[in-house]
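So the chains spell out like this:
Number of protein chains: 2
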Amino acid sequence: MAAITFELIHKDAATGARAGILHTPHGKFLTPLFMPVGTQATVKTLSPHEVQNLGAGVILANTYHLFLRPGAELVRKAGGLHKFMNWTHGILTDSGGFQVFSLGDLRKISEDGVTFRSHIDGSEKFLSPEISIATQAALGSDIAMAFDECIPYPADYEYAQTSTERTHRWAERSLNAAINPKQGIFCICQGGMYEDLREFSAKFIGNLDCAGCAVGGLSVGEPKELMYRMLEVSTKFLPENKARYLMGVGTPDHLIEGVLRGIDMFDCVFPTRVARNGMAMVSPETSPRGRLVMKNAEFTEDFSPLEKNCDCYACRNKFTRAYIRHLIRADEIFGLRLLALHNLRYLQRFTANMREAILTDKFTEFREKFFAAYDSGDKS
Amino acid sequence: MAAITFELIHKDAATGARAGILHTPHGKFLTPLFMPVGTQATVKTLSPHEVQNLGAGVILANTYHLFLRPGAELVRKAGGLHKFMNWTHGILTDSGGFQVFSLGDLRKISEDGVTFRSHIDGSEKFLSPEISIATQAALGSDIAMAFDECIPYPADYEYAQTSTERTHRWAERSLNAAINPKQGIFCICQGGMYEDLREFSAKFIGNLDCAGCAVGGLSVGEPKELMYRMLEVSTKFLPENKARYLMGVGTPDHLIEGVLRGIDMFDCVFPTRVARNGMAMVSPETSPRGRLVMKNAEFTEDFSPLEKNCDCYACRNKFTRAYIRHLIRADEIFGLRLLALHNLRYLQRFTANMREAILTDKFTEFREKFFAAYDSGDKS
Chain A
1 MAAITFELIH
11 KDAATGARAG
21 ILHTPHGKFL
31 TPLFMPVGTQ
41 ATVKTLSPHE
51 VQNLGAGVIL
61 ANTYHLFLRP
71 GAELVRKAGG
81 LHKFMNWTHG
91 ILTDSGGFQV
101 FSLGDLRKIS
111 EDGVTFRSHI
121 DGSEKFLSPE
131 ISIATQAALG
141 SDIAMAFDEC
151 IPYPADYEYA
161 QTSTERTHRW
171 AERSLNAAIN
181 PKQGIFCICQ
191 GGMYEDLREF
201 SAKFIGNLDC
211 AGCAVGGLSV
221 GEPKELMYRM
231 LEVSTKFLPE
241 NKARYLMGVG
251 TPDHLIEGVL
261 RGIDMFDCVF
271 PTRVARNGMA
281 MVSPETSPRG
291 RLVMKNAEFT
301 EDFSPLEKNC
311 DCYACRNKFT
321 RAYIRHLIRA
331 DEIFGLRLLA
341 LHNLRYLQRF
351 TANMREAILT
361 DKFTEFREKF
371 FAAYDSGDKS
Chain B
1 MAAITFELIH
11 KDAATGARAG
21 ILHTPHGKFL
31 TPLFMPVGTQ
41 ATVKTLSPHE
51 VQNLGAGVIL
61 ANTYHLFLRP
71 GAELVRKAGG
81 LHKFMNWTHG
91 ILTDSGGFQV
101 FSLGDLRKIS
111 EDGVTFRSHI
121 DGSEKFLSPE
131 ISIATQAALG
141 SDIAMAFDEC
151 IPYPADYEYA
161 QTSTERTHRW
171 AERSLNAAIN
181 PKQGIFCICQ
191 GGMYEDLREF
201 SAKFIGNLDC
211 AGCAVGGLSV
221 GEPKELMYRM
231 LEVSTKFLPE
241 NKARYLMGVG
251 TPDHLIEGVL
261 RGIDMFDCVF
271 PTRVARNGMA
281 MVSPETSPRG
291 RLVMKNAEFT
301 EDFSPLEKNC
311 DCYACRNKFT
321 RAYIRHLIRA
331 DEIFGLRLLA
341 LHNLRYLQRF
351 TANMREAILT
361 DKFTEFREKF
371 FAAYDSGDKS
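Chains A and B supply the protein sequences, listed in that same order. The numbering of the first sequence is my numbering, which starts it at 1 and goes up by one. The numbering of the second sequence is my numbering, which starts it at 1 and goes up by one.
A portion of the hints provided could be inaccurate.
Pairs involving identical chains hold if they fit within one copy or between any two copies, as the list cannot separate such chains.
The list that follows gives simulated cross-link-like pairs (lysine-lysine, DSBU-like), each with its CA atoms no further than 35 angstroms apart [said to hold, decoys possible]:
1) 295 - 44
2) 182 - 308
3) 295 - 182
4) 236 - 203
5) 295 - 108
6) 318 - 77
7) 308 - 236
8) 11 - 362
9) 77 - 44
10) 77 - 308
11) 318 - 83
12) 44 - 318
13) 44 - 83
14) 318 - 28
15) 11 - 295
16) 203 - 308
17) 182 - 318
Calculated directly from the structure, the hints in this document are not laboratory data.
Chain A on its own, in the form it takes in the complex (with noise of 0.2 angstroms):
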């Protein structure tokens, strides 16, 4: 049997999104589903029980950095990535296609791969879709990412086109490098913003004998009715039976349109870099926009929990939102790790109620009233 297969449970009758079981090799896993980042082995301030204990079933770590340091060799002997960081969940890792390819100048592409300088101390570097696949298979993760290029925007037709040729290229060079029968790899589609390309993409990477597929290229700086149009046309041509992963995504509005548009999987920093930048994530109904900057002067004296209701560390431990604004005032890491608590644990509330709006056929009235109560600061 495969490492990674997809079981789809039930679609919401009006609008299709989709509710269904990871099945991996550490573990089933409820979808919709979010995933922490843990960047460099580790989801940045928490430890690995704290975010089982929040409900986190799959975490994402980043090739590219794991590559440069501790080195994947190193990770391996340690007994593989579950085992050097104590997680014994679901792991998905990147390709690291997307930070090489962020680096700019420091970088050069061919077609056999990139070569690119190391950010910690300059070194020149290789990535191709065999070495990043090989790279991940020695790391251990349940779910690899074939290598791809996510495309800048904006990008021209010719650019866009090219890119995803290649893209497409290297996917299929990443499944000729499977060497972890443990690991299953989801191919990427691109096609920049033009919907032919698109189309072009998803049907390609949705032919592959990849194990899930993933929409990348997203959330990149380009107007969000733009990314749900090309979000839809990608979704539209993938096949049922496989996970569908949208990747670098996860503020909830994205979330909601995304499992509208048949999306089953997410990831993102913003939960923990936000939370590091001392805000927290809360329902529309507590805050519009459901956005609380903890450093303002209104949470002086507010001796009130981030949320009301939320079974989260802080919230359940009833911290305040007073106690919790002086600790970012005076950068105390306990008030980032208690924010990233919150937050992560508010995502993955949010996914569990999208799932229950999907089974129960009333994922329109989820989204509605979610939206309602998100755009109302809009209109005061």
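Since chain A is already given, all that's left is putting chain B on it; use the hints.
Below, chain B without anything else, positioned relative to chain A:
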């Protein structure tokens, strides 16, 4: 009944080292005890539950920092420091004296108190015995410290004498300012590095009607033999029936030498500060001097825990030296947390072991065994 009492349980037959129980409004705690430092109402990087789980009974919070931010009045409104930071065991607050005296040119001393500039916004502030005690009463700690001057080293005799006499007057004013019946006040003896002044101060402080006695002004840069001598002179004249607290001391060698000279309580930022510098505290049997610098290349492929048989979160869960080295090199906060948990747990176990040695009249053997291993690095 007084808020704070000390029950002397046993003195080691050969040395007189003390094992006792500190009774506080928030529980009974076994001595010798080490207090982790939670300067700004948080033990750096850790949750209160983690600190409690590692066995800490009393923590120290800094009045200077909390006076400036968030302000004692806010903490009082929050229900006191225990509730504000979610800590259910004991809290000792210092007086703020040490910090304002450390400000150098930014402070002016008068008989009345100290005028200083805030390190946060430069605004002019004033602390006196009365204001310090009122602030600590508002914070609601179990133990408040009298306002004193920690005499710098070196200091000439006249300075030391003048300062010590002022500290005595301030101690009396501190006791007269007491307003919180649920709080005990400890007074601090000084005396610089002069035996006669130490004796004079210990006798004076020992005769005050305070809840406990502290020895201040040590571990300020003087040779350790001088520190031990001054400590000996001080404790000799302190009453047997009150807890004795050696301020700002927290390395294992100093703890042993302090307990040998009749000390019951310690605090120090050492274990959490060196954690943030990537250092693990281990027994001298594991490494002479008891320190591992985790960035060192020797740990690159070291898949053993920080210390065999350690029951801290990091070691119990088999986080390896190689993983912790990776986290520290990558500036990941979880690495600091693992080292803070390990170091503080090491000291909790260390003080518990000292207590056990005292109760069985084996403190001399305990001490000799420790130093034989500790000093073995010097001989090799």
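Hints versus structure:
1. 295 - 44: both (21 angstroms within a copy, 19 angstroms between copies)
2. 182 - 308: So residue 182 and residue 308 pass the 35 angstroms test across copies only (32 angstroms; inside, 42 angstroms).
3. 295 - 182: between (46 angstroms within a copy, 33 angstroms between copies)
4. 236 - 203: within (9 angstroms within a copy, 86 angstroms between copies)
5. 295 - 108: The answer is between: 32 angstroms across copies meets 35 angstroms, while 42 angstroms in one copy does not.
6. 318 - 77: Intra 42 angstroms, inter 15 angstroms, cutoff 35 angstroms: inter-copy only.
7. 308 - 236: neither (39 angstroms within a copy, 56 angstroms between copies)
8. 11 - 362: within (11 angstroms within a copy, 71 angstroms between copies)
9. 77 - 44: For residue 77 and residue 44, the Cα distance is within 35 angstroms both inside one copy (23 angstroms) and across copies (33 angstroms).
10. 77 - 308: For residue 77 and residue 308, the Cα distance is within 35 angstroms only across copies (20 angstroms; inside one copy 46 angstroms).
11. 318 - 83: Cα proximity of residue 318 and residue 83: in one copy and across copies (33 angstroms, 9 angstroms).
12. 44 - 318: both (23 angstroms within a copy, 19 angstroms between copies)
13. 44 - 83: both (18 angstroms within a copy, 27 angstroms between copies)
14. 318 - 28: Answer is both: 32 angstroms inside a copy and 25 angstroms across each meet the 35 angstroms cutoff.
15. 11 - 295: neither (42 angstroms within a copy, 51 angstroms between copies)
16. 203 - 308: Result: close neither inside a copy nor across copies, 45 angstroms intra and 55 angstroms inter.
17. 182 - 318: Close across copies (24 angstroms), not inside one copy (42 angstroms); limit 35 angstroms.
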